[in-house]
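Enquirer: One letter stands for each residue in the lines below.
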Amino acid sequence: MQQISNVEPAESGKKQEQAVLSLTHAAKTFGPVVALADGTVEIRPGEIHALVGENGAGKSTLVKILAGLHNPDSGDFRLSGEPVHFRNVAESKAAGISVIYQEPTLFPDLTVAENIFIGRQPKGRSGLISRAQMRRQASELFQRLGVPIDPSRVAEGLSIADQQIIEIAKAISMEAKVLVMDEPTAALSGVEVDRLFAVARALRDKGTGILFISHRFDEVFDLCDRITVMRDGRYIATHRTADVTVERIVREMVGRDIGTLFPKTEAEIGKTVLNVDGISSAGVFRDISFEVRAGEIVALAGLVGAGRTEVARAVFGIDSYDSGHITVEGKPLKPRDPQAAIAAGLGFVPEDRRKQGLVMNLSVARNVTLTLRNKFVTAGLINGAKERRAAQEWSRRLQVKAGSQEHAVSTLSGGNQQKVVLAKWLATDPRLLIIDEPTRGIDVGTKSEVHRLISDLAGRGIAILMISSELPEVLGMADRVLVMREGRITAHLSRAEANPESVMHAATSSTGVTE
Amino acid sequence: MSETTTPRSDAPAAAPGPIADSSKPLASEPKGRTGAARILASRDAITIYALIAFLIYAAIAIPRFASPVTTGFLLLDVIPVLLIAMPMTLIIITGEIDLSVASTAGLTSALMGVLWAGGMDIWLVLAISLLAGVAAGMFNGFLIAVLGLPSLAVTIGTLALFRGLALVVIGDNAVANFPKDLTAFFTSKLGGTGIPTVMIGVVLVMLFFGILLHFTPFGRGLFAMGYSKEAATFVGINVARSKFWLYVGSGAVAALAGIYWTLRYTSARSDNASGLELAVIAAVLLGGVSIFGGKGSIPGVIAGVLLIGTLNYALRLGRVSDVVLITVTGLLLIFSVVAPSVGAAIREWRHTRRVRRNFSRTTT
Chain L
799 MQQISNVEPA
809 ESGKKQEQAV
819 LSLTHAAKTF
829 GPVVALADGT
839 VEIRPGEIHA
849 LVGENGAGKS
859 TLVKILAGLH
869 NPDSGDFRLS
879 GEPVHFRNVA
889 ESKAAGISVI
899 YQEPTLFPDL
909 TVAENIFIGR
919 QPKGRSGLIS
929 RAQMRRQASE
939 LFQRLGVPID
949 PSRVAEGLSI
959 ADQQIIEIAK
969 AISMEAKVLV
979 MDEPTAALSG
989 VEVDRLFAVA
999 RALRDKGTGI
1009 LFISHRFDEV
1019 FDLCDRITVM
1029 RDGRYIATHR
1039 TADVTVERIV
1049 REMVGRDIGT
1059 LFPKTEAEIG
1069 KTVLNVDGIS
1079 SAGVFRDISF
1089 EVRAGEIVAL
1099 AGLVGAGRTE
1109 VARAVFGIDS
1119 YDSGHITVEG
1129 KPLKPRDPQA
1139 AIAAGLGFVP
1149 EDRRKQGLVM
1159 NLSVARNVTL
1169 TLRNKFVTAG
1179 LINGAKERRA
1189 AQEWSRRLQV
1199 KAGSQEHAVS
1209 TLSGGNQQKV
1219 VLAKWLATDP
1229 RLLIIDEPTR
1239 GIDVGTKSEV
1249 HRLISDLAGR
1259 GIAILMISSE
1269 LPEVLGMADR
1279 VLVMREGRIT
1289 AHLSRAEANP
1299 ESVMHAATSS
1309 TGVTE
Chain F
149 MSETTTPRSD
159 APAAAPGPIA
169 DSSKPLASEP
179 KGRTGAARIL
189 ASRDAITIYA
199 LIAFLIYAAI
209 AIPRFASPVT
219 TGFLLLDVIP
229 VLLIAMPMTL
239 IIITGEIDLS
249 VASTAGLTSA
259 LMGVLWAGGM
269 DIWLVLAISL
279 LAGVAAGMFN
289 GFLIAVLGLP
299 SLAVTIGTLA
309 LFRGLALVVI
319 GDNAVANFPK
329 DLTAFFTSKL
339 GGTGIPTVMI
349 GVVLVMLFFG
359 ILLHFTPFGR
369 GLFAMGYSKE
379 AATFVGINVA
389 RSKFWLYVGS
399 GAVAALAGIY
409 WTLRYTSARS
419 DNASGLELAV
429 IAAVLLGGVS
439 IFGGKGSIPG
449 VIAGVLLIGT
459 LNYALRLGRV
469 SDVVLITVTG
479 LLLIFSVVAP
489 SVGAAIREWR
499 HTRRVRRNFS
509 RTTT
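For the protein sequence lines, the chains are L and F, in the order given.
For the first sequence, this note's numbering gives the first residue as 799, with consecutive numbering after it.
For the second sequence, this note's numbering gives the first residue as 149, with consecutive numbering after it.
Any given hint might turn out to be false.
[Claimed, not checked] No more than 25 Å apart at the CA atoms, straight line, and that leaves these computed lysine-lysine pairs for BS3-like:
no.	chain 1	residue 1	chain 2	residue 2
1	L	K1069	L	K1129
2	F	K337	L	K1153
3	L	K1173	F	K377
4	L	K1173	L	K1129
Worth flagging that the hints you see were computed from the coordinates, not collected in a lab.
The following block holds chain L by itself, in its conformation from the complex (with noise of 0.2 Å):
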């Protein structure tokens, strides 16, 4: 792991100013999953602040804890120089801290101006809430801003651009000193970003330290004085945006030496498993047609929200499709059938292992079998002993880490439920199996042993489809990289091809669509 180097170079002359808030070596962990290992940040006053990293290195855990919303396990948290620690969000505003989400949560059926001052209208002398004061005040906040929003019409209806707004001049009525926005942009216009920007910099002007997250990088060194980097839960390093390149800030958010870490092993290539043809569903994802050979990996990669995990759901028929086709093995799928798609020889390791991989009070046996459950059924009873048997040979091949076949896999580390997991598919012996981020929330020591496991399996003639959010996951276990962004596939690209930078341009860029 590579050592803190704090690349800033000494600002020649001026005095270094005091931070408005650092949080120093902050860890966090969630039962045996470490969120965040080493959470350091430093933002100063009248600077907007870049926080970058892949999904997953720790940047939301970290915003959390700045938010009040997680209590760090241990580490060094500052506002102006002071030690805080906050037990609730409230305590973390009433600080100075403004948190602003990329889907802002105001009250619809609130006025905008009530939506502002919620908790602390201005009162009159009555005693009693004055309308009048608090539309003013509202009215001034967004002249500030120089922004023309109604303060006295509902909430419900505006756009996600101006509900940010609202919330920044909630912030800024809050007089806070830091202003943390969490992916703003991804859901705005090019106008609407504009505008936001402009927002940010006279914010800056007036002192207000800012930290912004983003994945898109033309807007981090458009607007942003300086950038941290976080890896695996871990700072990496503060770079002066004027002193760095693209390039350096991928390779260090990427880290690795890829080639080794993620060997694939040669597999032979056989006839295809699965080819999807040109499926659509509006909204959602538009024309995605691709295929999936025998012993192969196919990586979909892509920011979160480019529509990947809803493809890899319509293929296997837990979501519907609008057209398009699918065959398995040149067999037409049943749409919108996940038995039809299991009958077929697919499997699905889904993203969020809690609420869709496994049944985390049942048994790590229960749970191994639960796709099995028809299979061993003499005279329409689940004979017990068979099942045991399955679930005790198939957890034994894939080294789960168990006390018991009985506890339930609740119990288990993020790493060993993954296992059972693709332990209740391999039992179904299939042909396809698709496997969403195969790593998320497991440590990094167990990540390689489900590498060579996924490796293994596509040796044996599994085709796998594997969506990750992951560059060096993608990049070291894929044969072939698809690259989506917003709903369509905007590159094929081979293993040769694929690179950190093809592929981070393909997932990013609105323009240059490689083919």
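Position chain F against the provided structure of chain L, taking the given hints into account.
Expert: Okay, now just chain F, sitting in the frame of chain L:
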């Protein structure tokens, strides 16, 4: 059931993937108990122990309690709850609820009265009444499983609707002149044991639902659905179809309970069995079924029903007023719901403490 240890040395050649070096089993995990020990320590078992303990106490402390007469009256009293609790257990395990059961029983009873009074053959009356229950269940099932409406809202609606229909069917009348041999059969006992003859049928219903829940693929699916509908969908369980049939089953059994009620008390009225749904749900929860779904067992529920039934009966023998009876039942229910949450909170607290300790050890 055997313990499983981590295979280190005897990994077969077929095993995909070599063993990672982190292959230590979690040291703090309790070692696998045997199946029997696990069942004896589970939460449903606590209800069973409580039932046994209470029966022993009542037999010693309450005069006239341990007698065939007691057994007979007690069982006759709990049969409707016991019947309806069976499908209710399955429904609550899937995370849903059916509040319309008592009204379905009432509707069945009203229908029986009117058809019999109209001169129809008694066996045909029974068959039609049972089918009415099935139809009521299908109506619930259609709204909940097919249209996807929330079961709480739907069955509050049908609770009122079916009771209203019962009133429409029979009005304020009561029909009492059912065939004597049939009503006598419903209160007859097996020899000198005091056990009602109809218990044979009730036991068959209990066996049916017990086996369905615990020993069939369908039952496995219900637990999965109750924990997470998505997880169930991902393993190919048809959630909507399973739910539909559960409500049909619930309607059918509620009709059986309605028929029983009518013939046992020799009275078909529109308000028969009213309020029974809450007694059923109380007993099911007391029997260890989680109101959030995903947990529970038929033996536990049977113990829950019998525990509430015996407790009420014993208190009544002791001439305790109804107010106290209701209070005791309420307290029991709250305790049964609160106890697992308290247990979980304690476990969570211990876990957090352990994690923190381990964490500070590794980082410092």
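Enquirer: Is the straight-line distance between the alpha-carbon of K1069 (chain L) and that of K1129 (chain L) 25 Å or less?
Expert: holds (13 Å)
Enquirer: Between K1173 (chain L) and K1129 (chain L), does the CA-CA distance stay at or below 25 Å?
Expert: holds (23 Å)
Enquirer: With a cut-off of 25 Å on the C-alpha distance, tell me whether K337 (chain F) and K1153 (chain L) pass.
Expert: violated (50 Å)
Enquirer: Checking one constraint from the list: CA of K1173 (chain L) to CA of K377 (chain F), max 25 Å. Satisfied?
Expert: holds (22 Å)
Checked against the numbered hints above, the structure violates only hint 2.
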